[in-house]
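Protein chains: 4
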Amino acid sequence: MPAVQHIGVIGEETCSTRTAALARRVGAAVGHAGAVLLSGGRGGVMEAASRGAAEAGGVVVGILPGFRRQDANRWVTVPIVTGMDQARNVILVRSCDALIAVGGMYGTLSEIALALKLGIPVVGLGTWRLRQPQGRRVPIIRASTPEAAVRRAIRAARSARQAGGWLS
Amino acid sequence: MPAVQHIGVIGEETCSTRTAALARRVGAAVGHAGAVLLSGGRGGVMEAASRGAAEAGGVVVGILPGFRRQDANRWVTVPIVTGMDQARNVILVRSCDALIAVGGMYGTLSEIALALKLGIPVVGLGTWRLRQPQGRRVPIIRASTPEAAVRRAIRAARSARQAGGWLS
Amino acid sequence: MPAVQHIGVIGEETCSTRTAALARRVGAAVGHAGAVLLSGGRGGVMEAASRGAAEAGGVVVGILPGFRRQDANRWVTVPIVTGMDQARNVILVRSCDALIAVGGMYGTLSEIALALKLGIPVVGLGTWRLRQPQGRRVPIIRASTPEAAVRRAIRAARSARQAGGWLS
Amino acid sequence: MPAVQHIGVIGEETCSTRTAALARRVGAAVGHAGAVLLSGGRGGVMEAASRGAAEAGGVVVGILPGFRRQDANRWVTVPIVTGMDQARNVILVRSCDALIAVGGMYGTLSEIALALKLGIPVVGLGTWRLRQPQGRRVPIIRASTPEAAVRRAIRAARSARQAGGWLS
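Protein chains in written order, with the numbering used here: chain A, 399 to 566; chain B, 399 to 566; chain C, 399 to 566; chain D, 399 to 566.
For reference, chain A alone in the conformation it holds in the complex (with noise of 0.2 Å):
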């Protein structure tokens, strides 16, 4: 039996309703693959996502900086309270098979840089395009739609899993 998947999504706090759009299909594809959504559980993009997956029937984690299972987007299922701010992007990133960064400013950057660094791959749908200092590519996984995203995250969890020796 394979596996549950957990893909997280990441992104902006306040973002555009185009975004949010988005997001929240990026959400329901999670949902409708049997997959867990994890996310930062404010709102913006995060709410958008578990919104989608919500609706589809899925599970939904929300990873939360602050002390407060309230501060919870109302999609959130599980809910985390960390009370750690921005470490809990750490373990945001470290709880996931594959991210997947819609848009995205400063702090979606690093959630990006810290799975590339840890070996988690990262698909990005209008996200931050990189260059390493010397020039070589960065391995962010291009997709434009928000389906083909999920697919993508999940096809490289699925790689990245079994590279790793731990598929189950």
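Because the hints were derived from the structure by calculation, they are not lab data.
All the pointers check out, no bait thrown in.
In silico contact screen, one side only, chain A against chain D (beta carbon under 8 Å); selected entries: (1) Gly501; (2) Ala511; (3) Lys515.
If you only want the chain C side, here are some residues facing chain A, beta carbon under 10 Å, derived: (4) Phe465; (5) Thr480; (6) Met482; (7) Asp483; (8) Gln484; (9) Ala485.
Virtual Cβ for every residue (Gly too), placed ideally from N, Cα, C.
We have chain A; now place chains B, C and D onto it with these hints.
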């Protein structure tokens, strides 16, 4: 509609079969009450409680100290990978409406103390008995059976929420 | 050449003048011994100990729970800004060769318990008296004066280091 | 009296001798300026910067990812043992008035991004060049020599403090 309760179970990673049996009954009662069970996600008391809750059809969260999701016991349905060793205990405590300590040594004591500091109710089943340096009693709620422990934890959590003004 | 010792002082953020006087003498003895003093960097016992050490010319580290260096008491010479609230206690404990608890309530108890779990010696000055659930005694080293507390902390730290095989 | 500045140096744990030489000069300039140098406390850029600062008589803080103080490079005078792996980067960034990135890969990028998010000035010496997803430039201050990098970091830190209203 009453909010879902989040009940943490804390105790040692290695424990006697007697203690494990108690922890499993605690987990079962949490699951049957429709509450989410949280633990440190590893062996011993954590595994027995997770098993009880999972067998009762409940959601089982494991807040893991290490770097790999596979370190979770097999009953955990939502593994959170912190990579923060003991600091994960803070996240576990904060994420709960009430804690139930089953036996336990120093790690459990540090979690009990943290919960008391944060105003989160603690129910004890064969755990530490404490007296303040000034001789005052410490408000650990005693229970003599797993089922009573869970009933008291849920009641205390509800009261704490109402006192905190955030019953939803 | 013996390595510099790192001694932590833990206790309440608000305390009686009598307790503050004890903590200041602890800090002074740490400073005069040439050891680095570490604390949570805030008021009460932390501030008094920091003051004692700073007045004795010592290095004074404050592991702060919040987001601003200015939250440190004025005697801290090396402020560390964690932004992690209670989880900073784990960092404080881990960074010390030995801890001295001066009075203290639940926060202090959680730090004592964590140190005991990690095998870091704890010296108590008017602090918690504990007995394991099974009735065995808990190895908190008692002292009746601040100066004796520091002597015992330094001796215990040296033994723990040698036992751990990493005396430098 | 102006407050002591806290300058962080970030970069890879393994680096070329050329990069190490630059980092050592950065450390030396930080030490000569009377500022405290902070780093992740390990090898490569961190060690070279620590060495430069220590040789200049400065205070050298190492915010360590692991569990043992002995993991610090030999130039660290104040080791902080976090046991939190990558989450220690958040503590490092928060504890600095300004950061200087010397070269660097994904870990460095995550620290740069976090600093930008938190409004902490970043000076770059042969490090990442970034453009926001919307094409706007990212305010990394460029420097072409280690000495210029330190001058700019100190100046930027002073401005950021004044803007924040907490110059002491």
